[in-house]
Every structure is written in C-alpha cells, then in structure tokens.
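Chemist: Here's the letter readout for the chains.
2 protein chains.
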Amino acid sequence: MAQQLEPIAKMVAQLARLPGIGHKSAQRIAYHIISMPLEDVRELATSVYNGRKAIRYCSVCGNYATGDRCDICANDQRHNGQICVVRDPRDVAAIERMRDFRGLYHVLHGALSPMDGVGPEDIRIKELMARLNDPGITEIILATNPDIEGEATASYLARLIKPMGLKVTRIAHGVPVGSDLEYADEITLAKAMEGRREM
Amino acid sequence: MAQQLEPIAKMVAQLARLPGIGHKSAQRIAYHIISMPLEDVRELATSVYNGRKAIRYCSVCGNYATGDRCDICANDQRHNGQICVVRDPRDVAAIERMRDFRGLYHVLHGALSPMDGVGPEDIRIKELMARLNDPGITEIILATNPDIEGEATASYLARLIKPMGLKVTRIAHGVPVGSDLEYADEITLAKAMEGRREM
Numbered sequence: 093m094a095q096q097l098e099p100i101a102k103m104v105a106q107l108a109r110l111p112g113i114g115h116k117s118a119q120r121i122a123y124h125i126i127s128m129p130l131e132d133v134r135e136l137a138t139s140v141y142n143g144r145k146a147i148r149y150c151s152v153c154g155n156y157a158t159g160d161r162c163d164i165c166a167n168d169q170r171h172n173g174q175i176c177v178v179r180d181p182r183d184v185a186a187i188e189r190m191r192d193f194r195g196l197y198h199v200l201h202g203a204l205s206p207m208d209g210v211g212p213e214d215i216r217i218k219e220l221m222a223r224l225n226d227p228g229i230t231e232i233i234l235a236t237n238p239d240i241e242g243e244a245t246a247s248y249l250a251r252l253i254k255p256m257g258l259k260v261t262r263i264a265h266g267v268p269v270g271s272d273l274e275y276a277d278e279i280t281l282a283k284a285m286e287g288r289r290e291m
Numbered sequence: 093m094a095q096q097l098e099p100i101a102k103m104v105a106q107l108a109r110l111p112g113i114g115h116k117s118a119q120r121i122a123y124h125i126i127s128m129p130l131e132d133v134r135e136l137a138t139s140v141y142n143g144r145k146a147i148r149y150c151s152v153c154g155n156y157a158t159g160d161r162c163d164i165c166a167n168d169q170r171h172n173g174q175i176c177v178v179r180d181p182r183d184v185a186a187i188e189r190m191r192d193f194r195g196l197y198h199v200l201h202g203a204l205s206p207m208d209g210v211g212p213e214d215i216r217i218k219e220l221m222a223r224l225n226d227p228g229i230t231e232i233i234l235a236t237n238p239d240i241e242g243e244a245t246a247s248y249l250a251r252l253i254k255p256m257g258l259k260v261t262r263i264a265h266g267v268p269v270g271s272d273l274e275y276a277d278e279i280t281l282a283k284a285m286e287g288r289r290e291m
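As they're listed, the protein sequences go chains A and B.
When we follow the working numbering, the leftmost residue of the first sequence carries the number 93, and every step to the right adds one.
When we follow the working numbering, the leftmost residue of the second sequence carries the number 93, and every step to the right adds one.
To be clear, the hints were calculated from the coordinates, so they are not data collected in a lab.
Among the clues, some could well be false.
Given that identical chains are not distinguished, each listed pair holds provided it fits within a single copy or across any two copies.
DSSO-like cross-link-like pairs, simulated, lysine-lysine; straight-line CA separation at most 30 Å [unchecked claim]: (1) Lys283 with Lys116; (2) Lys102 with Lys145; (3) Lys116 with Lys102; (4) Lys116 with Lys145; (5) Lys116 with Lys218; (6) Lys218 with Lys102.
Using the sequences and the hints given, assemble the complete structure.
Modeler: The structure is reproduced here in structure tokens:
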C-alpha cells in the first residue's frame, strides 16, 4: 500500500515536535501547507528561520533582544531602581502586556530544581547579583512562578539579597480576577486569605 | 511600553495563519522555536519549504506526487478496473490507511457548491470523464464526503457516468464503528437503518 510521501512525512515529523501539536494536527497543518502557494510557504519558513536567527539575549537582563540590549534595558524612560526577576523572556512579555510596571527585568532562564539537577549556578543568578552593585537599585521584585521551583527560587534569592539591605518583594498569590471562588484550589484560596488587605 | 520584537511578531503572525493555531498557540510555538537550537529550526523551516516545493499533482489522478505520476498510479500491482473518486489528496491518504482498497483514485480537488460558485468545470470532472474511455474500467466508487457538497457531487457524477454503462457505487453511510448509538445524529442513524443488511 502507498505510504505517505517522504517530503510530507518529513514535514509532519518536524511539525509534530512543536508544543501542543500532535501527530493528527501536524498532518492537518502539513496538508494545509501543501495546498498553500509556494510564495506563502516561503514567507512562513523564512519568518520562522530568520525570526529565530534574529533573536538573541540582552547582555544586561537576559530578555529577548535583536541587538546587544533589549528594548527595555535600552529605554531610558524606564525606572532603573526596580528589577523584576522572572524565569523566562515570555514572563517579561506577560508583565509588559499589563502596561503597568515601568522598571527593569532580570531573566533567570530557569528555576531552581534540585530534582532536575538545576542549581544556582545553572540559572542567571550570578548576573543578577552583579547588577545589584548599582547603588540606584531600591527594590527587587521576585516574580518567579507560583509553583514549587518558582517558590524555591524566590526564597533562595530573598535569602541572598536581603542581607545586602535591599527591599525584596514577592508578587501576591490569590484568586485570579474574573475567576470563580468555587473553582479556586485550596492552596490558592489559603494564600488569598493570608494575603487579605483592609478595604 | 515595549512591544513584542518584530521578528517574533512576524513569526507569530505567520504561524497563526495555520489551521487550528490561534494567536495564543502561535505565540507559545514561536517562543518554543526561539528557544530551539538554530540548526533544529533550520531543519524545521526547510522541511516545510522543501516539502511544499517537492509536492505536485499526479498527472493521471490528481493525487500528491513527487514525480509525474503518484505512487498509486505508478504501481502496476493496483487493479485499474476500479476508480475511487475523492475530494482531496488527504482522502486518498485516509482510504490508503485502511489498507483494503487496491484500485485507483481520482481526486476532484473540490466539491460542487453552487453557493460558493463551484461548478462542474471548477473541479477535475473533465479529467475523470477522459479516464473512463479506458475499456478496462468496471466500477466508479464515489467516495466524496457525506456532506451537502459531497452528496451533490456524487449525484452529479452518477447521473453523468451511469448512462455510459459503468457500475457506479457510493460509499455506505452509517454509524461509525466503535461509536455509541446514543451520540449518533438522527440523519446518520436514519442512513444506518436504511442501509441495514441481513446477518
């Protein structure tokens, strides 16, 4: 019986490696691509390859950049007294979407995880510590994820930085805005109660 | 506030045009691609572009091919007395996966749809009729989709071909194997009853 043509099978195999794309979706996407005009496929393929090629890490904060510094570090309108510490460049993007925070970032590119053998020397903690020598810095906001690794990383950094006399804060845990209490898990609810404020 | 970097925004826009990929998934995939080794991204991009470039249509049946004829038309082990008429090359792939049908195919590359202005001259009906002059042909199996356009196309072809004295069949409609009667829609159930066979 006829097998799938080799160029299609190859495309499907490559697409199926992307996150959230199973074999069935990869097949559907591949057939779609084959039905697209060649010029459009060239544009798709080059946007992927050139996009990846154009991106490097900011030499200061580790965020995505097209030059030596990212747009945020290069922007002198940003307050350089606050550094918000996150795990990934995509966390920077999430906080930027909020259009509220005007300070700088530091991207760790990972979180402490003894289980996976990720220690302090494996993420960009040394680079963060080097930045803290700047006397203009007043606050370090720990915005690592509210999961085990993120909490461990936040505690580790707090223990490391607080003795330097800097203000160290952690983003609040609580019930997401617009959500339903009924569906909140107990730990989130407990954190929300713990972090309650007078109105 | 910092916008998404232009190479990333471009990649996201391209990925979001693919079927089943919304803006959020496109963003997740783009960030994943940016974290991939450049060599792997090159492989992904070339598999997409070269894959699309390598595929053309079989000059006989309209199926996907890498040469002039597709693997099925080029295979002299296939019975050339039966032609199974389908809408898309992906329908050929689906029937081939069944590993049961040993005849040939004819891909229409569309279905009749007066609503969308698709008439008989817009799909590969002329090419099908030309193939029917072969005296070895004994049966035309209409395997267009069981939807409005597919049924309209099947009826149209049956009216066209039956006067030529050829056997024209339509694939059976019924409840899918392994499914639950409870969830079958009424039309499918009615078709299943109508098509019942003695055991």
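Chemist: It remains to establish, for every hint, whether it holds in the given structure.
Modeler: Going down the list of hints, with the structure as the test:
1. Lys283 with Lys116: Classified as between; 28 Å across copies, 40 Å inside a copy.
2. Lys102 with Lys145: both (22 Å within a copy, 13 Å between copies)
3. Lys116 with Lys102: For Lys116 and Lys102, both the intra-copy (14 Å) and inter-copy (26 Å) Cα distances are at most 30 Å.
4. Lys116 with Lys145: both (29 Å within a copy, 22 Å between copies)
5. Lys116 with Lys218: Neither: 44 Å inside a copy, 33 Å across copies.
6. Lys218 with Lys102: neither (42 Å within a copy, 33 Å between copies)
In this structure, the earlier hints numbered 5, 6 are contradicted, and the remaining ones agree with it.
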